[in-house]
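If you follow the hints, you should be able to join the two separate chains into one complex; please do so.
Residue numbers (my numbering), protein chains in the order written: chain H, 1 to 369; chain P, 1 to 129.
Simulated from the structure, these hints should not be mistaken for lab results.
Using N, Cα and C, we set each Cβ at its ideal position, and we do this for glycine too.
Hints may contain errors.
Listed below are several chain P residues computed to face chain H (Cβ distance under 8 Å; list not exhaustive) [to be verified]:
1) GLU19
2) GLY35
3) ASP36
4) VAL38
5) VAL61
6) VAL64
7) TYR68
8) LYS81
Sample of chain H residues lacking proximity to chain P, with all beta carbon distances greater than 10 Å (derived) [as the list claims (entries may be wrong)]:
9) GLY29
10) TYR195
11) ASN209
12) GLY225
13) TYR246
Listed below, chain by chain, are the residues.
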Amino acid sequence: MATPETRGAKRTALYAIHKAAGAKMAEFGGWEMPIEYAGITQEHLAVRNAAGIFDVSHMGEISVRGPQALGLLQELTSNDVARLKVFQAQYSALMYPEGSAVDDCVVHRLGEDHYFICVNAANTDKDFEWIVAHNKAGAEVQNVSSQYSQIALQGPRAADILSKVTGFDLASLRYYWCGDAQCCGVKGLLARTGYTGEDGFEFYFAPENSERVWNALLETGRDEGLQPVGLGARNTLRLEAGYPLYGHELDQDTTLLEANLGWICKLDKGEFLGRNVLQKQLEEGVRKKLVGLEMLEPGIARDGYPVWMESQKVGQVTSGSPAPFLKKNIGLAFVPPAAAGAGREMKIEIRTRQVRARQVPLPFYKRQK
Amino acid sequence: MYPDEFQYTKDHEWIQVDEDTGTIGITDHAQKELGDIVYVELPKIGDPLAASETFGTVESVKAVSEVYSPVTGEVTGVNGKLQNHPEILNTDPHGSAWLVRVHLSDPKELEKLMSAEEYEAYIQEDKAH
Numbered sequence: 001m002a003t004p005e006t007r008g009a010k011r012t013a014l015y016a017i018h019k020a021a022g023a024k025m026a027e028f029g030g031w032e033m034p035i036e037y038a039g040i041t042q043e044h045l046a047v048r049n050a051a052g053i054f055d056v057s058h059m060g061e062i063s064v065r066g067p068q069a070l071g072l073l074q075e076l077t078s079n080d081v082a083r084l085k086v087f088q089a090q091y092s093a094l095m096y097p098e099g100s101a102v103d104d105c106v107v108h109r110l111g112e113d114h115y116f117i118c119v120n121a122a123n124t125d126k127d128f129e130w131i132v133a134h135n136k137a138g139a140e141v142q143n144v145s146s147q148y149s150q151i152a153l154q155g156p157r158a159a160d161i162l163s164k165v166t167g168f169d170l171a172s173l174r175y176y177w178c179g180d181a182q183c184c185g186v187k188g189l190l191a192r193t194g195y196t197g198e199d200g201f202e203f204y205f206a207p208e209n210s211e212r213v214w215n216a217l218l219e220t221g222r223d224e225g226l227q228p229v230g231l232g233a234r235n236t237l238r239l240e241a242g243y244p245l246y247g248h249e250l251d252q253d254t255t256l257l258e259a260n261l262g263w264i265c266k267l268d269k270g271e272f273l274g275r276n277v278l279q280k281q282l283e284e285g286v287r288k289k290l291v292g293l294e295m296l297e298p299g300i301a302r303d304g305y306p307v308w309m310e311s312q313k314v315g316q317v318t319s320g321s322p323a324p325f326l327k328k329n330i331g332l333a334f335v336p337p338a339a340a341g342a343g344r345e346m347k348i349e350i351r352t353r354q355v356r357a358r359q360v361p362l363p364f365y366k367r368q369k
Numbered sequence: 001m002y003p004d005e006f007q008y009t010k011d012h013e014w015i016q017v018d019e020d021t022g023t024i025g026i027t028d029h030a031q032k033e034l035g036d037i038v039y040v041e042l043p044k045i046g047d048p049l050a051a052s053e054t055f056g057t058v059e060s061v062k063a064v065s066e067v068y069s070p071v072t073g074e075v076t077g078v079n080g081k082l083q084n085h086p087e088i089l090n091t092d093p094h095g096s097a098w099l100v101r102v103h104l105s106d107p108k109e110l111e112k113l114m115s116a117e118e119y120e121a122y123i124q125e126d127k128a129h
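Next comes chain P alone, as it looks inside the complex (with noise of 0.2 Å):
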């Protein structure tokens, strides 16, 4: 269910990362959680990126969440499909719902996140509260 090839934050973003390029998105249980996703609010090219600072938000009918980043550096890429069709998170969030590219400042931020093993157990704990 959780691709091995991503890593994984607290806040239920996910990151897959080629070298010093990351792909960040959010995760399959972040979108059961918030329903039906009606709005999306992303950065632009060339904005800077905090790890764990937001970087936008994801709204469904009921509620505004904030988007928080797993890494830091610089915005390259936009998935422009999220602006007409915010429903895609629903239906894809591992794949075509991808947020935002970003071109990595410090690699050695990753280590700090959880691997795919790692967050579903992380996943199941949240359950049990």
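This is chain H alone, in the form it adopts within the complex (with noise of 0.2 Å):
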């Protein structure tokens, strides 16, 4: 039959760390990943309550130097790129010229025309090809992916654990800003960035030092309550929180503003791929609407499942699952603009049955400063 491994996923320099701690492993985006080890709810809990820490080596990271770097990234992605300082990010997304996203990113600048941009696993190729083909101006444009191990430490305890390990002065370091770092000894780049909703850090650095931060940070935190968190649970922490994912709440055909995107969409930063299409859709509307559902019955809204608003199928969930922390069912779905407002009812089709479900606002989820 076939494997993860006949298949040919990747595996990142943590692989037998997972495997001894007994993660179940599945494929994800082309890589081998750890989808829980103690288990989703337990780990998701881990990260709200305490802190969790994250192999998130699979994402991709794409190089942008020279002085055609700033001019490149202000063409193709939605983010105003400029008002970056050195050692700020921002989070955006690479444009189609329909106004929809390649893949959601986090750009950092790193230096006066040095630029990191951190994307999806399954799209990095994607990516990197795309900036490629519009790189008429002449940019250094690198796909360094394999030269970065990434590990995500988050949680409410993820400052006070990390301040263990490294000198750098975390009080000073704000929310989307990053820096050079030495942390367990490995030398690498530290981002207040994260996926889960919660204070935390993603930090990047050379692969062969992987085993070595990683039980290091599990090591000093071990007492305060960090655990080792899996692709599942990261999957529940950033729906609770409202984050979308690519492939689920994005993609080709819909654009940033039906995304509920419009806040890293700068149209006025200037000339940008798919500015257009986002423009018209400013004056005339959009054609479809992301919204927040929770159940009202007992049943779980899936990936998939078609909506129902009046008897008629009017979308389906994009994403849904039991929320761990807010001990709910909830989802995204796309609805027609009209039909969206929180507190109106839907009816989501859960194999047989018909089951009442009502949208809310978003974040589900919002931490406590």
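Below you can see the structure in the form of structure tokens.
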């Protein structure tokens, strides 16, 4: 039978550690990754209440350098790259001319003319080729993914734990800023970013140091409740926080405005791919709207389940699952704009039943300051 | 680990039979594979069961898994505890977390099922792949 290995799935430098920890592994975005260790619910709650450590080395990294870098990135992304000071980062999207995303990403400015983009694992090659294809100005564009492992440390105790293994002044590292740091004796890029809705950090460093960093952080944080967390809880955490996942809330047929990402579209920065489509939608309206939902009767809305309103099928669930911290079943779905509105009731088609749900404002969960 | 008085299917269900009445559940191997179980959908008393056909679902945080009936017959009992406490499937899959009771219409179907010994060998083979 076919296994991730026979299908050519890649492994991160921490693969042996995950197997030794007894993680359930599965294929994601072309990589064989840990889905859960102690269990999704327990891992999710650890991140909300204490801290979790994630191997996110499957993510891609693309470097864009040179005097033409800013111009290239301004043309290709939705957010305003010119606003970035050195060591500042921004959530953004690489754009199609249709106003939709090639990928969502985080753009970090590391120097005068040096940008470092973190992209989704499944889209790394696609994103790199897209940037290269549009690089008429001749900026220096490199796919540096193989040069980095990436570990995320997330949760209310993350800063406390990290402060024990780094001399970097964490108190002065604001959300969506980064810097060159040494953590667990390993040099790398430390960013105050994350995908969980908690305070936290993402550390990018050379892969040969992976086990050292992972083990040191786990050892240091164990007494504070630090646990390894897999992709299963990574998904339930980002869903509670209302964050989109490419391939679900974002794809080539969904504009950024339709996915509630108008806040990362800076139309006044100048021309960029897809700008005219977004401008038109601002004037004339969008074709669909992403809404949050919670179930009102027993049942779990899942990806792809149809959404019914007034006896008509109006859309589908893009992401759905139980929310372990909020203790309810939640989801994201696209509905026609006229049907969107917090409090409005819908039915989710779950196999043979139509189960009551209602639209709720996003995010489902917001951390206390 | 796997009770000798149960018989087992390749899809990791068990059935314990007394004359022409059976109790059906999922195995410990199944609950381990699934992870935290958060929701269970079961048939109603009086519903028909058909061998190898799905009769309900067990949901983990991540996924929905169909449950297949080992035998043909009629549902005579449903475990009401699972509605509010699906998590007992993780802690007691061979005992208090049984799924349904069935009246068998063709007890000869039991001959196709595995013994505890055969099932243990089967899941060892499964792990090796």
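Broken hints, by number: Result: hints 1, 7, 8 break, sorted rising.
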